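Put chain B on the given structure of chain G with help from the hints.
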Amino acid sequence: MISMQDIISLLPEIILAVTAIIVMLGIAVRRSHLFSAAITALGIVVSFYFLINQSSEQKIISNLFILDGLANVVTGIILCATFVIVLISYPYFRVQKIIKEEYYVLLLLAALGSVCMVLSYHFVSFVLSLEVLSVSLFALIAYLKRESFSIESGIKYLIMAAVATSFILFGFALIYLATGSMDLQSLGGQLQPVSYGPLLLAGLALTTVGLGFKMALVPFHLWTPDIYAGASAPVTAFVATVSKGAAFIFLLRLFYSTGGLSHEGIWIAFAVIATASMFIGNWLALRQQNLKRLLAYSSISHLGYLMVAFLSASIIGTAAGVFYLIIYFTSMLAAMTMITYFSNQKGEALMVEDYRGLFWKKPWLAAFFTVVMLSLAGVPLTAGFMGKFFLLSAGMSNGGLFLLIVLVVSSTIGLFYYLRVVAVMLSHHESELQDHIGSSSIVLKLLIAVLFILILWLGVYPSVFVEMLGKM
Amino acid sequence: MIMIALILILMIGGILAWLLSAVNKNIPKWISLIALLTDLLIIVFFWSNNAGNISFAQNNRWLTEVQYEWIPQFGMSFHLAMDGISLVMTALTFFLGIASLLSSWKNVDKHTGFYHFNLLWLLAGITGVFLAMDLMLFYFFWEIMLVPMYFIMVIWGHENSKYAGWKFFLFTQISGLMMLLSIIALFVIHGNATQVYTFDYMALLGSLAGGPAAFWIMCGFLIAFFVKLPSIPFHSWLPDAYTESPVAGSVIVAALMSKTAAYGLIRFVIPLFPEAAQNFAIPGIILGVASILYGAKLSYGQLNLKRLISFSSVSHMGFILVGVFSFNTLAYQGVLMQMVAHGLSIAALFIMAEFVYDRTGKMDVNEMGGFWDAMPNMGGFTVVFIMASLGLPGLVNFVAEFLILAGAWQYDIVLAVLATLGLIVSVTYSMRILQKVFHQRNHTHSYSLHDISVREWVVMGSLTVAMLWLGFFPQSVIRIAKPAFEQMKMIQPENKEATREANPLQSSSIITFTAKKGGGL
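The listed protein sequences derive, respectively, from chains G and B.
Following my numbering, the numbering of the first sequence begins with 453 at its first residue and continues without gaps.
Following my numbering, the numbering of the second sequence begins with 10 at its first residue and continues without gaps.
Below, computed lysine-lysine pairings styled on DSBU-like, alpha-carbon distance capped at 30 Å:
#1 G/813 / B/176
#2 B/34 / G/813
#3 G/897 / B/119
#4 G/814 / B/119
#5 B/34 / G/814
#6 G/814 / G/549
#7 G/597 / G/549
#8 B/119 / G/813
#9 B/176 / G/814
#10 B/176 / B/115
#11 B/171 / B/34
#12 B/306 / B/445
#13 G/597 / G/897
#14 B/115 / G/813
#15 B/171 / G/814
#16 G/813 / G/897
#17 B/34 / G/897
#18 B/115 / G/814
#19 B/371 / B/119
#20 B/115 / B/371
#21 B/171 / G/813
#22 B/119 / B/34
It should be emphasised that the hints constitute simulated quantities derived from the structure, not laboratory data.
None of the values given here were measured: they were computed from a predicted structure.
Same shape as in the complex, but just chain G (with noise of 0.2 Å):
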């Protein structure tokens, strides 16, 4: 039964739910904008008032739900990221001619997903937060339904996200079938590496299926670059972060409480899909000339570096996975919000060729772009080099020496590509810079400002987020 000790524990999702109730109802009484994105900022800050109150000890609510350090701090990630989203897209959509209220339920709901799937600890709620968090997307990713090719995009994750979630039921299925469980808990309580049969070698690899699909990692990630093209900056912001981040977590979950990465098969299924992941995803953004196929090809490889830190199984690898997801976000986050920055009710400066000589007309704002591609080419000073030494760390205690070198080669292959960015905004040439939104918002600006200082000082001082990391 559900004590009232566990409504309050749940109480930043219940909180979350609310808040999209509450903006749905508003929109019934009068539509605003303005209203809309002020209470899911409210709802979110409230929502994360309440998290930092929670106890990090481990708790399980009624079979479905675990409440841990863990959980607690991916929920606060994960509310920080939409925060964030929610700032970039009200200047966003303020210009647009359309009807912009429902965009903040939709949001809401995504998120209220992507903190239920971190929280899962069964499959059923993990599925039904899937689902929350997948058909609010598909409506988020099609939400500019004037431009074609945001339908298409809509349209083809769709398609895509329903072809995963049955991957993933049917791989469930398979599991509960091996085993008689649903749940993680008692899932971990009864295997062992030696005895996986076939059945539940398939369940896991159709899970895992399913699981690469969210995450976009190789040979899962098609559909990654046409999605983030086709999609609204802030949207994209979401489906890069939050989503990933949220199916990493249960991916985590699920292959350390049933200690699935002890067999050897699957280790190596997952080391070559990292692999795979690192390499592909920086050869292919090589030669991208739009800024939001780059970022999508980089980030398929952040992830494959991410499952560095998930195959290390070890609790230094969580946290070093926690920590990497936090400079992801960061990193990732800060692109976007450039890229919603030199938008304007037309389109996005979505190509590399709109940033040329930027550095000479707009010196700051270059030099938070630099330091963003910087750090998610990780070079030292900015987070991104902190998550990846946390990285190897983690990776170098387990001994696993080859990914780590692939994990630097394949890093020093990204370089390039995020060196061709710096470089376009340091060449003389000018181009001409077309009117945007950033110039008139002075949220962006001092977003932009917050997010400069968060990477700088989780690059140069991170002991902070670190010792948060260490009570996890």
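Frame of chain G; chain B shown alone:
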């Protein structure tokens, strides 16, 4: 505190230069000059204070030291320390920093603020490398050098600078990441063995003397240092980077950045992995000799003046490899002298090349010739620089190369003789500069040349004075660094004993056996 001040002055100066460039585009260079002069004065003052009372006591290893917590969870600390070697290298950094600044005083006229920001941060990174005593801090400074150097190369470089910048960044980045892997491996192995997880230099000393792990970890460090030095076969980024950079970039990357690698070899590779390094000695010396001879050959074949000078650098850095892997105090003192000597002479030659380029707009030596008539003063200075580069006695390079060869002789006679050939071949390419640029008549082009200005006179004159002073009185540098080298010598035998104890098959079983017997008696 003095060390933090040295780095902070440069960093704050850089930010100020960028911010104030909006007011007037001539302000940044004055800020740079003031910042560098302040640092130089501080270090000279510090040197003269400490020159008298260098203690030879074993427990007082550093002249000055600071340590603060940085990221305690990972065992990283903000640990800076200075001994004789660091002192000499930081002094060289500021001296050459000023020389490079003055030599490009008038060349840079676009985006001056950002230029001086990069210049000062680059020098701050180099200074940090010479002072950091925490391996992660060292790696941080090592990488801080990269980005500003890339910017300087790409924005203010010559025609092909974008390509050169990429090549430079990629070579140094991937080799740097290999070193990072090694640093982390060392951290993990040391932590697993002792339960103390730390990146501190002093704690890691002697934690891993020999064995296959030590060998591979050392290789990570070696790759990073060999690329930056550069030694063959890792030198292919060098001619592009040196040639396409603006003059300050060339001077700093050739004279200072390559020294960070040499410094890394004697500060980290030899003390951290004494046994593994011993095993690598012969390949190391062979690489050094090959660099000396091959670099000289490549240099002789170049028509582009800056490329010619660049390849001569490969040749001179070969001497450093020979010295480092000769394992005796004489050679190490030679290495230190060579770092200073090569820093001065290569900077001088690049500055000369830039002054010629300023006047003619040409880099091809076949289009030059007969400049002595128009520019006798510059010709005179160039003679000194050329003589220094080819190792004429009385100039600092001779001292350095002599010490290295004397040290190498004690280690391996054949290789030492081969390395000595380097002194002969260096004459060929060095004299070629003098002949092609200043003497040989060239009737196809005529230039209107003016002799060097007061500013250029100051730059070339101070370099000449430094070369002559250190050529006649090398003891002033050797003496201040001597305690540091004695410390290094002390570390090696200790470690050998430590590994022998750790290896039960070799000796400890015998020791316990005799100990038991003794107990019984």
